[in-house]
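Peer 1: Protein sequences appear in the order of chains A and B. If you read the first sequence in numbering that gives the first Met the number 0, its first letter stands for residue 0, the second for the next number, and so on. If you read the second sequence in numbering that gives the first Met the number 0, its first letter stands for residue 0, the second for the next number, and so on.
I should point out that these hints are in silico values taken from the structure, not numbers from a laboratory. Glycine is no exception: its CB is placed at the ideal position from the N, C-alpha and C atoms. Among the clues, some could well be false.
To be verified - Calculated pairs, DSBU-like style, for lysine-lysine (alpha carbon to alpha carbon, straight line, at most 30 Å):
#, chain 1, residue 1, chain 2, residue 2
1, B, Lys224, A, Lys88
2, B, Lys62, A, Lys132
3, A, Lys77, B, Lys24
4, B, Lys24, A, Lys9
5, A, Lys88, B, Lys24
6, A, Lys145, A, Lys191
7, A, Lys163, A, Lys225
8, A, Lys77, B, Lys224
Stated by the list, open to error - Simulated DEER-style distance windows between Cβ atoms:
#, chain 1, residue 1, chain 2, residue 2, range
9, A, Val124, B, Pro328, 20 to 26 Å
10, A, Leu246, B, Gln290, 27 to 33 Å
11, A, His100, B, Ile176, 41 to 47 Å
12, B, Ala420, A, Tyr37, 49 to 55 Å
13, B, Leu329, A, Leu13, 55 to 61 Å
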Amino acid sequence: MNQGAPENGKSGRLAAVVMAVLAFLAGLAGAGAFFYFYWTDGSTAAMGTSTAVAMAGMGAGLVVWARGLMPGEEVSSKREALPSSEEEKEQFRESFVAGEHRIGRRRLLGLLAGGVLGLLALDSVSLLRSMGKSPLPALYRTAWTKGARLVTFDGRPVTAAVQKGDILTVFPEGQTDSITSQTLLLRVDEAKLRLPPGRESWTPMGFIAFSKICTHAGCPVAQYEKSVNILLCPCHQSSFDILSGALPVGGPAGRPLPQLPLYVDPAGFIRAQGDFSSHPGPGFWSYKS
Amino acid sequence: MISRLARWFDDRLGAASLTRLTINKVFPDHWSFMLGEIALFSLVILVGTGIFLAMFFNASETKTVYEGSYQALRGVEMSAAYQSTLNISFDVPAGLLVRQIHHWAALVFIGAIALHLMRIFFTGAYRRPREINWLIGLTLLLLGMFNGFTGYSVPDDLLSGTGLRIAYSVMLSVPFIGDWLAFIFFGGNAPSQVTISRLYGMHIVVPFLILALVSLHLLVLVRQKHTNCPGAGRSNESIVGSRLWPTYAAKSLGLFFFVFAALAALGGLVQINPVWLYGPFNAAAVSSGSQPDWYVLWLEGVLRLFPSLDFHVGGHLVPGIFLPGVLMPLVFFGVLYSWPFLEASVTGDRGLHHVLEPPCLRPLRTAIGTGVLTFFLILTIAGGQDVLAVAAGDSVTSVRTALRVLVLAGPVVAAGLAYFACRLVRSGRRAAA
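Could you build the full structure based on these sequences and the hints that come with them?
Peer 2: Below, the structure is given as structure tokens:
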């Protein structure tokens with residue numbers, strides 16, 4: 000590397016040397032500082048900055064060295080033709096055909112070997128069975144049963160003391176780990192309800208419950224716009240109209256949130272009349288509404 | 000010493016002539032040729048930081064109670080995966096720095112690949128004989144995005160849990176096999192007991208595939224040599240640039256250190272994915288205003304903008320998210336994969352091309368590329384539609400309507416502008432010539 004870059008004059012090369020020396024010194028300082036910060040449990044910012052200084056010093060030193068002191072002339076180099084010559088192709092063809100000929104005379108062996116490979120391929124694909132059981136029952140099942148008490152995430156039963164404007168995430172009693180059973184409990188004006196026919200008895204005292212899993216992409220429908228009686232999914236902004244039975248009224252969701260039929264027992268606990276009005280969560284091929 | 004070592008290897012491999020060819024390889028000097036190198040260097044940093052993180056990460060959903068030094072979560076029940084991520088962030092010396100460098104490096108890796116892809120596209124570098132590297136490069140982009148997603152998901156925090164739930168729903172929506180696909184991939188209703196360990200297994204295995212494909216990408220590159228920007232002396236017969244040894248090697252190594260410097264500065268100074276603020280995953284909770292990493296925002300955006308279109312085929316349901324979430328990406332990448340062949344069959348140009356085309360010499364290709372880029376840019380913005388609505392003080396509904404109009408009209412307008420601008424430049428050049 001002593002010859003230097005011919006296009007740079009003597010003073011240019013001297014300037015490059017000075018700059019490269021300074022850059023490498025900065026790199027040394029950064030690397031040393033990292034060592035100090037690391038062993039004294041310094042902050043992430045101090046360790047990151049000192050690493051950055053070390054690396055930048057190293058990079059700048061190298062680039063200055065390369066540009067100012069190493070040969071930088073443009074060179075031209077020939078591109079060889081990529082395809083093989085006709086002669087090479089012919090030689091390959093001969094070798095291959097000679098080998099192929101010997102295999103070809105033992106057709107039965109070839110067929111048998113192919114058969115083994117084919118069956119082995121089938122075997123390996125069937126290993127997918129180990130990955131999980133048939134998914135369909137789990138996709139349809141929730142833990143809601145007739146008479147199940149509504150409880151909060153910590154297992155406390157919900158009573159009719161819930162007020163208008165409140166929103167609770169509830170589960171069937173004893174099943175607070177059941178992801179598909181998560182449900183929103185709200186209280187609304189019974190007189191304003193416009194539910195589909197057949198659901199008249201599902202909302203005692205204005206208590207109304209819907210699956211919390213968005214029918215679009217499975218996020219929890221976590222936002223409640225009290226003033227307009229809308230449930231909003233924070234992931235893709237689908238909105239559902241509570242009073243009409245959680246029909247989708249905006250955004251990408253195409254199906255209503257399934258409703259959970261409720262009743263209030265004589266002791267004042269809120270219970271489910273049974274499972275949701277339809278399957279909760281995002282749709283799939285064999286979904287039955 | 001070095002010459003003795005060199006002789007030792009040459010005695011056993013006879014590598015002198017091959018190595019001479021390699022160090023004499025001619026590299027074109029153009030800034031846009033560094034994009035692929037930036038991706039390569041980010042990958043090196045990803046592997047290094049990843050090995051460090053793997054020493055401490057525990058991909059298990061076993062419930063434990065946190066007792067580490069982050070006060071706000073002490074005594075909280077969480078998965079071992081989340082707990083070990085907190086330990087990396089608070090109790091392993093330099094753990095947070097390495098974790099943040101790893102995350103930033105992933106974002107830069109995918110970003111550099113995407114920019115590299117645009118350079119290749121707009122200059123026609125994928126034409127014969129480089130179709131093979133086009134296919135490998137696209138596969139690397141997909142694998143990079145996939146590995147970014149699995150890496151983002153394994154800490155088992157509330158934010159990544161939301162992303163997993165969406166990925167699960169998208170997979171579930173595939174006709175006929177969706178339910179099986181989702182169960183095979185996630186091992187149950189996402190997230191289940193095995194989801195995190197499966198994702199982590201893939202997060203460790205896929206990089207080997209990436210490294211193998213990168214090696215192949217580089218082998219093909221060395222065999223075919225670089226393309227050249229047009230100019231004096233650049234032709235299908237010769238390549239102009241500087242030799243690898245020593246100048247280009249020094250510059251390239253310098254670039255590696257600059258990339259490392261930038262990532263170290265980001266990792267040290269710019270907080271990323273602070274999982275301790277999101278809390279452990281809880282199926283019934285969601286962190287609002289949650290955003291995925293940048294390279295998934297377009298998918299998030301198209302899920303938000305696409306209208307509710309559940310429909311039935313022979314009594315079976317095709318959920319609304321299938322079209323934007325599965326079909327649109329499949330069509331997009333299908334077209335990208337076949338682009339070199341599509342273009343050759345449309346133009347009839349099957350000749351050898353070692354010299355790049357300035358984008359404006361091909362108005363139609365540039366217009367199509369600009370339109371597609373605009374489409375994805377608007378979808379990326381739509382991925383933050385709720386944030387946008389809050390910032391603009393507007394309702395989500397009106398922001399959504401505006402974005403729906405933009406995503407359809409924007410690409411057409413941008414493509415038209417690009418087309419006519421290119422025509423102008425081209426005729427200007429022809430007049431000057």
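Peer 1: Hint by hint, say whether it matches the structure.
Peer 2: Right, here's what the structure says about each hint:
no.	hint	in the structure
1	Lys224(B) / Lys88(A)	22 Å, holds
2	Lys62(B) / Lys132(A)	24 Å, holds
3	Lys77(A) / Lys24(B)	11 Å, holds
4	Lys24(B) / Lys9(A)	29 Å, holds
5	Lys88(A) / Lys24(B)	27 Å, holds
6	Lys145(A) / Lys191(A)	27 Å, holds
7	Lys163(A) / Lys225(A)	9 Å, holds
8	Lys77(A) / Lys224(B)	10 Å, holds
9	Val124(A) / Pro328(B): 20 to 26 Å	25 Å, holds
10	Leu246(A) / Gln290(B): 27 to 33 Å	28 Å, holds
11	His100(A) / Ile176(B): 41 to 47 Å	44 Å, holds
12	Ala420(B) / Tyr37(A): 49 to 55 Å	52 Å, holds
13	Leu329(B) / Leu13(A): 55 to 61 Å	60 Å, holds
The earlier numbered hints are all upheld by this structure, with none contradicted.
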